[in-house]
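Trainee: Single-letter residue listing:
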Amino acid sequence: MQLYLPIAEWPVNMFMIFGVGGAVGFISGMFGVGGGFLLTPLLVFTGISPAVAVGSVSAQVAASSASGALSYWRRKLIDWKLAAFLLIGGMLGSVIGVQVFALLRKMGQLDLVIGLCYVVFLGFVGGFMTWESIGAILASRRNEVPKPAAPRQHGLLHTLPFKVRFPRSRLVLSAIPVLALGLGIGFLGTLLGIGGGFLIVPAMIYLLKVPANLVVGTSLVQMVVTMSFTTFLQAANNHTVDIVLAFLLMIGGVIGAQFGAQIGQRLKGEQLRALLGLLILAVGIRFAVELVVTPADRYSLSMVPGAGR
Amino acid sequence: MRHRSALLALALGTLAATAARAETLVFEPSQKRVEITSNFSGTTVTIYGTVERDAATVGRSGDYEVAIMLVGPERSVVTRRKDRVAGIWVNRDSRTYQAPSFYAVATTRPIAEMSSPAVLKASQVGLDALILPESVPGGVEVLAGTASFREAYLRLRRREGLYAEYPGAVRRLALNLWSVTLPIPAEVPVGDYRVRTVLFADGSPLAEQVSHFEVVKSGFEQTVADLAGHQSMLYGLISVVVSLLTGWLGGALFRRD
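Going line by line, the protein sequences match chains A and B. When we follow my numbering, the leftmost residue of the first sequence carries the number 1, and every step to the right adds one. When we follow my numbering, the leftmost residue of the second sequence carries the number 1, and every step to the right adds one.
Honestly, the hints are just simulated from the structure, not real lab data. Values in this document were obtained by computation on a predicted structure and should not be read as measured data. Backbone N, C-alpha and C fix where the C-beta goes; we use that ideal spot for every residue, glycine too. Among the hints, a few may not be true.
To give a feel for the contact side, a few chain B residues facing chain A, derived at Cβ under 8 Å [stated by the list, open to error]:
no. : residue
1   : S30
2   : V34
3   : Y48
4   : T50
5   : R75
6   : K82
7   : S94
8   : Y103
9   : F213
10  : V216
11  : K217
12  : M233
13  : G236
14  : S243
15  : T246
16  : G250
Here are the simulated EDC-like pairs of lysine to aspartate or glutamate, each with C-alpha atoms no more than 20 Å apart in a straight line [said to hold, decoys possible]:
no. : chain 1 : residue 1 : chain 2 : residue 2
17  : A       : K106      : B       : D93
18  : A       : K106      : B       : E74
19  : B       : K82       : A       : E270
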């Protein structure tokens with residue numbers, strides 16, 4: 001069934017968008033990630049302009065992280081104070097991100113920057129996750145107990161000023177790295193149309209040493225607020241949020257996530273991480289190939305934003 | 001009196017066919033409004049027309065040939081070319097065209113056989129004749145366009161289905177009645193469209209007429225687009241509320257714990 005998207009000004013097959021949302025929702029439910037990094041490229045592949053894809057996916061990420069955050073809230077697995085610090089940074093990053101987004105779009109370099117960022121971040125995170133989890137799988141085959149990482153209490157991060165106490169996480173951290181992390185994720189999330197879960201979760205575990213049971217819930221709260229804010233800014237500044245598109249994705253995503261979560265519960269943690277790592281790596285490689293391989297057509301057209309309307 | 005004016009028309013007609021203006025075109029689209037609704041997947045527009053000849057009209061030896069153009073609202077479009085920089089493909093050079101967002105031309109015969117390239121250019125018939133004001137990065141307009149960019153622009157527009165030529169598609173239904181049915185793709189831009197008809201005889205343009213129709217979003221699509229365009233803050237807030245509500249509902253419906 002064809003459906004005309006009012007902002008994208010593009011007809012799409014409703015069931016295909018539904019299916020894309022569902023498939024990405026399945027993966028996000030299985031691995032506990034937002035899936036924005038898969039959704040944005042898939043939408044672009046269906047012919048929707050990258051700008052509208054990025055804007056609309058931020059609305060979808062806000063929705064999917066809201067339902068995730070809700071479940072962690074009920075289980076009281078959220079450090080609200082830490083989330084507040086992260087999202088202050090995140091909103092600031094989002095404001096900067098929207099401006100940079102508009103500028104890059106005008107310069108015609110938005111696709112390039114999105115592509116390069118995907119290659120760098122997905123390649124790095126995917127590679128690391130795959131490497132780490134394959135190591136863990138091999139170790140468990142040999143019946144070794146994985147050594148817990150030595151706690152580095154006197155790292156560089158602990159020498160920074162503006163110490164803040166986070167009682168729920170039992171941490172005393174400088175506000176600087178927390179705000180900076182929020183800012184970085186907010187900026188990248190806005191620019192790339194991703195929630196940034198696959199970036200913030202490892203950063204919170206390895207850099208801030210937040211207890212593992214609080215990491216996901218807290219990062220989800222940060223994502224809900226930052227992505228809602230981003231959606232608002234993208235709609236108000238860049239007119240790139242197609243709510244019809246986003247709504248279809250949300251519905252597909254919510255349903256897909258239920259099935260994904262059931263499969264996810266049957267797999268071991270390191271197996272899940274290895275699969276997710278490979279998936280992230282594959283998307284990164286696909287972007288790298290696109291940047292390097294000679295394009296089928298060297299020329300491309302784009303509308304001048306805000307002109308001629 | 002009538003006899004004299006007919007003689008005068010004959011004299012003028014042989015001197016300069018266009019100046020005589022003895023033929024009047026009456027070509028109209030079948031609908032004045034194409035509405036884009038949520039299940040819009042393209043449509044067709046039929047244009048009917050006739051040539052009115054008054055008593056002064058010279059009897060032509062050759063047949064009439066008709067060219068009908070659907071010309072969409074003008075938009076600024078950037079055409080970019082990728083070049084290899086340090087191993088990766090990057091958009092480098094570009095040209096901005098102020099050009100119709102939609103252009104379809106249908107004729108009674110292959111366009112090249114209608115008239116000479118110079119005449120086609122002067123009467124703006126066909127994609128090859130289309131005047132495309134071009135500016136280089138920095139906003140400087142160039143008079144002599146860059147052939148490679150122009151060619152790429154037209155090629156990409158044709159591939160999108162927004163530019164098209166339909167040679168021979170205008171059918172002569174009766175001695176003095178023509179019609180053509182042209183497809184309007186689903187990706188059609190909204191705005192005011194001109195229907196331009198040019199009448200040729202023996203390779204010379206005799207008369208020209210412009211009619212109009214509009215392509216509009218209607219119903220829900222229009223409400224959403226208007227809100228997003230004119231009250232973007234409110235639209236942004238609604239988008240956020242819809243997202244959070246859907247997320248909350250999803251979480252509440254499929255409660256797993």
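Trainee: None of the hints should be skipped; say for each whether it holds.
Mentor: Hints and how they fare:
1. S30: At about 22 Å, which exceeds the 8 Å cut-off, the nearest Cβ of chain A leaves the hint on B:S30 violated.
2. V34: Violated - the Cβ of B:V34 stays beyond 8 Å from chain A, reaching only about 12 Å at its closest.
3. Y48: violated, 28 Å
4. T50: Violated. Min distance 35 Å.
5. R75: holds, 4 Å
6. K82: B:K82 check passes; min Cβ-Cβ to chain A is 5 Å, inside 8 Å.
7. S94: holds, 6 Å
8. Y103: violated, 14 Å
9. F213: violated, 18 Å
10. V216: Result: violated, 12 Å to nearest chain A Cβ.
11. K217: Given a least distance of 6 Å, the restraint on B:K217 holds.
12. M233: Hint on B:M233: holds, closest Cβ of chain A at ~5 Å, below 8 Å.
13. G236: Holds, about 3 Å.
14. S243: holds, 4 Å
15. T246: holds, 5 Å
16. G250: holds, 3 Å
17. A:K106 - B:D93: holds, 14 Å
18. A:K106 - B:E74: holds, 19 Å
19. B:K82 - A:E270: violated, 42 Å
Hint check: violations occur at hints 1, 2, 3, 4, 8, 9, 10, 19; the rest are consistent with the structure.
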